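S.K.: Construct the complete structure from the given sequences, taking the supplied hints into account.
Taken in sequence, the protein lines are chains A and B. Residues in the first sequence are numbered from 825 upward in steps of one, following this note's numbering. Residues in the second sequence are numbered from 825 upward in steps of one, following this note's numbering.
Simulated from the structure, these hints should not be mistaken for lab results. Since the model is a prediction, treat every value here as computed from it, not as a measurement. C-beta atoms are modelled at their ideal positions from N, C-alpha and C, and glycine is treated no differently. Any given hint could turn out to be false.
[Stated by the list, open to error] Now the in silico label distances, taken between C-beta atoms and shown as ranges:
| hint | chain 1 | residue 1 | chain 2 | residue 2 | range |
| --- | --- | --- | --- | --- | --- |
| 1 | B | 877 | A | 835 | 47 to 53 Å |
| 2 | A | 909 | B | 912 | 21 to 27 Å |
| 3 | A | 841 | B | 889 | 41 to 47 Å |
Here is how the chains run, residue by residue.
Number of protein chains: 2
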Amino acid sequence: MAAGTSLREVSRRAVQSRIARTAESLFVAKGFEETTVDEIAAAVGMSQRSFFRYFASKDEVVLDSLARLGEDLAERLAARPPGEPEWDSLRRAFDPVVERFGDPVSRGHDAAIQRIIDGSPRLLASYLCRLEHLQRMLTEALRERAGDDADPVVLRAMVGGAFACLHASAFPVVDDPDAFGPCLDRTMAALRPGAAR
Amino acid sequence: MAAGTSLREVSRRAVQSRIARTAESLFVAKGFEETTVDEIAAAVGMSQRSFFRYFASKDEVVLDSLARLGEDLAERLAARPPGEPEWDSLRRAFDPVVERFGDPVSRGHDAAIQRIIDGSPRLLASYLCRLEHLQRMLTEALRERAGDDADPVVLRAMVGGAFACLHASAFPVVDDPDAFGPCLDRTMAALRPGAAR
DNA sequence: CCGGAAGTGTCAGTGACTGTCAATCATTGC
DNA sequence: GCAATGATTGACAGTCACTGACACTTCCGG
Chain A
825 MAAGTSLREV
835 SRRAVQSRIA
845 RTAESLFVAK
855 GFEETTVDEI
865 AAAVGMSQRS
875 FFRYFASKDE
885 VVLDSLARLG
895 EDLAERLAAR
905 PPGEPEWDSL
915 RRAFDPVVER
925 FGDPVSRGHD
935 AAIQRIIDGS
945 PRLLASYLCR
955 LEHLQRMLTE
965 ALRERAGDDA
975 DPVVLRAMVG
985 GAFACLHASA
995 FPVVDDPDAF
1005 GPCLDRTMAA
1015 LRPGAAR
Chain B
825 MAAGTSLREV
835 SRRAVQSRIA
845 RTAESLFVAK
855 GFEETTVDEI
865 AAAVGMSQRS
875 FFRYFASKDE
885 VVLDSLARLG
895 EDLAERLAAR
905 PPGEPEWDSL
915 RRAFDPVVER
925 FGDPVSRGHD
935 AAIQRIIDGS
945 PRLLASYLCR
955 LEHLQRMLTE
965 ALRERAGDDA
975 DPVVLRAMVG
985 GAFACLHASA
995 FPVVDDPDAF
1005 GPCLDRTMAA
1015 LRPGAAR
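M.R.: Shown next as structure tokens:
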């Protein structure tokens, strides 16, 4: 078991991103629902069956990048100092998301993805499901750090609240990408838990 | 346009609930994904085509009751006094949910539904999508009450935070239905916004 | 008795996704 | 250099959710 990424996995990633790029341009042009998997596969130059060997579902083509961002978030959160209030740790864990929006290149890409997601209820549902999964992971990370004295339900709710801020701040992004960072700070300051720590 | 419910709509509702009852028992017995629409239709005694005349999708059979609860929530929220802090209004709007869990009959039913939803990623996604839609409605209700001086993004985040508490409190319910009310109070007290109102 | 409205069954079709099998292609051991 | 081996692929068939079209029945007012 060498490093985490073998030679094969690298080429697999290459094919995946080739598929993703092709698919996304089709989605932008025709819409998500209106683009069939057959079309995507044909555009890439492979069979439909092979498409499903690289992505478990049509949704995953769009949501794949999100999964990697999620892992990043979880790592960041776990690396925060143990004494730090949870709310602050969560805000800091979101930094890579803010940074992404600072980069003009990925910004346009992300905004396009966001528009594709919002345009299809089916995709939106999948997207929310992934966010849900991510929240469970982050809650677990927080729980390990806090020890047994913390209330897991409250922890879960706190992570959910932080994500609500993130999600709400993503809305104005379609119009003004620069608004994201300040928006997140504003909402997370406004929702900062007052009573309990 | 007489009253909201004509004679025909009543019988339609009757058929819908007959389908829903039949389907749910099948879901409990075999699981959601493993139960086909054909089986449900056959069990009810109708064609597959007719099933889709009563429910737009297989998901909707399970999530239908949620939609009606959602309308109730929105009405309650709109009826709260204008001066009341948003967080408190949201907590009070959730009262009917708590009440439902107080009733031993609907409690068992709801717990079963919750288990079905958790058992299928596909259904969970649909469920979260409905919650998302509900949150938009409640945000709108809050926005109308607050006037133009309120920050819509913060309002959206606040509704999301309250739903995070609701969602988190629904988790221990599978084991102990009585825990829901206290759990909700605890999480919403812990997450109560401290800085801005 | 007749007209239309509403509900239903049947059938055919689309699109996402899966299982299977045979062919191909690169790698490895000899 | 070559054969065994394992991974990758395409082709094909099948399942399942869902939709559109059409024909048929029933019921109800005129």
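S.K.: Next, verify each hint and record whether it holds.
M.R.: Structure-based check of all given hints:
1. B/877 / A/835: 47 to 53 Å: holds (49 Å)
2. A/909 / B/912: 21 to 27 Å: holds (24 Å)
3. A/841 / B/889: 41 to 47 Å: holds (42 Å)
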